[in-house]
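Asker: Following the hints, position chains U, F and R with the ligands against chain V.
So the protein sequences, as listed, match chains V, U, F and R.
Per my numbering, the very first residue in the first sequence carries number 1; after that it's consecutive.
Per my numbering, the very first residue in the second sequence carries number 130; after that it's consecutive.
Per my numbering, the very first residue in the third sequence carries number 259; after that it's consecutive.
Per my numbering, the very first residue in the fourth sequence carries number 663; after that it's consecutive.
Hint data in this document are derived by calculation from the structure and do not stem from the laboratory.
Careful, some of the hints might be misleading.
Partner residues aside, some chain F positions facing chain V, computed with beta carbon under 7 Å [unchecked claim]:
id: 1; residue: Val313
id: 2; residue: Ala318
id: 3; residue: Arg511
id: 4; residue: Glu512
Even glycine gets a Cβ: it sits at the ideal position worked out from N, Cα and C.
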Amino acid sequence: MTGYEEVILDHWRHPRHKGRLPDPTGSAIEANPLCGDVVRLEVRVEGGTIADARFSGEGCAISQAAASLLTELIVGKPVAEVEKMKDEDLLSALGGVVRTRLSCALLPLRALRKALASGAQRTSPPGEV
Amino acid sequence: MTGYEEVILDHWRHPRHKGRLPDPTGSAIEANPLCGDVVRLEVRVEGGTIADARFSGEGCAISQAAASLLTELIVGKPVAEVEKMKDEDLLSALGGVVRTRLSCALLPLRALRKALASGAQRTSPPGEV
Amino acid sequence: MDERIRDDFPILRRHEHGKPLVYLDSAATSMKPSAVIEAEADFYRESYANVRRGVYELAAAATDLYEGARAKVASFIGARPDEVVFTRGTTEALNLAAWGLGETHVDPGDEVLVTEMEHHANLLPWQEMARRQGAHLRAAAVTQDGELDRDDLRRKLSPRTKVLALAHVSNVLGTVNPVVEIAAEAHRAGAVVVVDAAQSVPHMPVDVRELGADLVAFSGHKMLGPTGIGILWGRNDLLSELPPLLTGGEMVREVWLNWATWDDPPARFEGGTPPIAQAIGLGAAVDYLRAIGMDEVRRHGEKLTALALDGLLGRPHVTVYGPRDPKARGALVSFALAGIHPHDVATLLDQEGIAIRAGHHCAQPLHRRFGIPASCRASFHVYTTPDEVEHFLAALDRAWEALR
Amino acid sequence: MDERIRDDFPILRRHEHGKPLVYLDSAATSMKPSAVIEAEADFYRESYANVRRGVYELAAAATDLYEGARAKVASFIGARPDEVVFTRGTTEALNLAAWGLGETHVDPGDEVLVTEMEHHANLLPWQEMARRQGAHLRAAAVTQDGELDRDDLRRKLSPRTKVLALAHVSNVLGTVNPVVEIAAEAHRAGAVVVVDAAQSVPHMPVDVRELGADLVAFSGHKMLGPTGIGILWGRNDLLSELPPLLTGGEMVREVWLNWATWDDPPARFEGGTPPIAQAIGLGAAVDYLRAIGMDEVRRHGEKLTALALDGLLGRPHVTVYGPRDPKARGALVSFALAGIHPHDVATLLDQEGIAIRAGHHCAQPLHRRFGIPASCRASFHVYTTPDEVEHFLAALDRAWEALR
Ligand SMILES: Cc1ncc(COP(=O)(O)O)c(C=O)c1O
Ligand SMILES: Cc1ncc(COP(=O)(O)O)c(C=O)c1O
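Next comes chain V alone, as it looks inside the complex (with noise of 0.2 Å):
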């Protein structure tokens, strides 16, 4: 029984950057209220480069797996690189998701846009807001 590829249930059962960051320069969550499932997205970014990312929350394999493989994927990246992806591109590398579950793989993504544009706007040091 497959229909949750390897990727999906390697970052399920082996979170990469799971937690808090202690000094995000973005950060927002994103939640389903239907299912349930809450993603919480936060990012700090230096010089233009996500210098790093983590993920908190609860919710389904995929919603859970989709953060951590996001987390992944971004780190390191220059922001406007990240700001460029598509559904798509998370959605290829998490090697295909069902129809059905496509909000649940989503709902990260959403959280990281939000993310980045809360950071965007934030103009002073995180620590004096």
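Answerer: Same frame as chain V, but now just chains U, F and R with the ligands:
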């Protein structure tokens, strides 16, 4: 083209007992607000017999013919006998009525039953009411 | 219109009293082509499931079909899918509109304006709403020719008028009301415009944006679709302001024991399991009508109406209600034979296999306006032929001979 | 249950992801036998017309079929036809009940009592009604075992309680509530009793008079019938007191521009063109269920539920919600796998062609009561086989292996 048996057409074209009774012992109006049929039936009962009857009102050929035929059927008959008259008796005297129009055909009979009941309750001479 | 269309409608092979059925009551409800009947049946046979929430593939397939039907209906009327609410029919759609506008747009002392030619479905919900809100219901008059009295309407339209509700096409007079102009006037007065399009969308091209209305209601069963389905179209910003009429599952976000938050339109207005198969059947009906082309549907309706009008107006014992110009009419004609009750006419025609409607057609105030308790109505759709209209006129002569 | 029953349901020949479909979501909606699909299709093919008012034979034939369906449903639940109102579904039926009772039975300061286990369809209409009337909504608690807390219910039932609304069978817990006893208690307190029978009427013999309720709602689509049709049963004397929810054609006697008089029940509550074909399809579904026998339907449901319960309770990583005795349950089981989100379970099972539901099943407050965002649910009907349940249990083990 038929559909309206000869007896219906005959009574529709040449209504019997149409008009008002000057001295009814019983009277009732029945109406079907949905098609606008209205029938007033008046009877004069003397010594347990229907001495005279009249109908008035307006509406379709079937209700008017049925009213006309009904007055013909009952005048001179003992009230006890008339009270036993069934829906089917009137319908078959009319030569049959299509089922979509039964309520038109039976409107006068409903008025007659009410008129007889109203007459029965009347204990004083009509003029005094 | 291609005569072979008739083969698509299985019921037209029916006989009544030994005669082939001539169905002239399409304004009450239209017949269904096999494509519609089979679309519904095939859905139950192959792809049935409840829509929305299901995680499994079959539910996704059913949801795609359901939402696909919404998209078809939307494009049919020039709208966006999120502006198309599935209801049981025009009646529910207008009740939803009246409820929602009452709760949000109408205060004590305000006015709601309808017309004398409305179907009960576009009158009673406004009566009830006006009563609930303490508002006044007014009605624009109808002229002796069966047209809307535009002056009277203008007189009754004021800044107090919060809603104007009117038929696009009268189901008795056939009158096509100039909704575009009237809606502009009403908007200038600050009123929301609600259009009962039950008799227009099935018979002519209707683009809701060109119409200029705010809310538009119509029924599936009059446009070759199944019973049990109808549409309320609304501008999304207006829909977003309205509360739901029916609450329950699938129209909410968060539910606590004592409060809940509504979902966005159109889901907000589709509480409970919707008429899923019926929506899909309606989608097939829309496909069928589009394949013919709504311009062609309209042309055909006009041709039949012209033929019927001509025949009826040429008979001195016949009174015709409504405009005399077929171009100013929907695909129906109401009439009466002098001194003969409409029900008798309908019964006599039925003996010849011809189905017309007799009664007040759910428009009692309009009939009262013309001083009659009832009228006869012959109405058409794509499967009606000129021969049938001729046959009807000849039978009408025999009815006249029989009863006059 | 005779295995040949499966041949009556064309959709059961469907494959999903290359595997035969195992449909275990009958509590959301049931599949349809050919007899139902064809009854609707044949109506459109042979006898279609609008009902009531038509003077011609075809309309009379259609009306006979429509009213015949009402009589079938009435006799199925031990009721009189004039007590059976056709609605779009349970949701509309409960909204109608809440609207009507609010207008006539509930004043400011009064109370309306529901339970924590209600489907949103039997919660939100009462929230809205309580808000409109200035009344208080209270909810009787559910025990950890998933049963109604009878003591809490008794505590919350008082002379201020004007309405008690509760499910006959919970769509999540499966719990069969002892409605007969509870209704008697509520009646002693002077409350009207409304029962959401969406999950009972399709699965067990229900006689509305024995139930002792005043109003009972259920849906056609969960009992092998079409979408777009449901029932509100009510004692005729109570129905006669209630105002309509939807106004329009066919539910009135006299209509003037400024007032109207309502027709008697059930017509009063069926404004507009009703779901005619769907009523006829529901009549065919009732015939089908009666031919099997509701005792047999119940027996079969109990057997499958026992099998599923047994299998689930025997797996230590599985939590089952609701009573452990299959006799105290409807034909469904909700559960969760430790540490695994219900949606993941459903998706993995879907890959094997097994359709179960995952989510809050339109019962958010109940899930909150158990501290979970969602649950899995397997549910059955006459076409479900013991083999399918075994297959489901085996697939569940594979899902557990894959994700734990
Ligand atoms: C207990 C219960 N009540 C009400 C409903 C709502 O029924 P419908 O969606 O058919 O209106 C359902 C089904 O979803 C249910 O299970
Ligand atoms: C103009 C008009 N409005 C409203 C309706 C009501 O439509 P429905 O019965 O489908 O709700 C009709 C049809 O009966 C109609 O002709």
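Asker: Now, for every hint given, state plainly whether the structure supports it.
Answerer: Going down the list of hints, with the structure as the test:
no.	hint	in the structure
1	Val313	holds, 5 Å
2	Ala318	holds, 5 Å
3	Arg511	holds, 6 Å
4	Glu512	holds, 5 Å
Of the hints listed earlier, there is not a single one the structure fails to meet.
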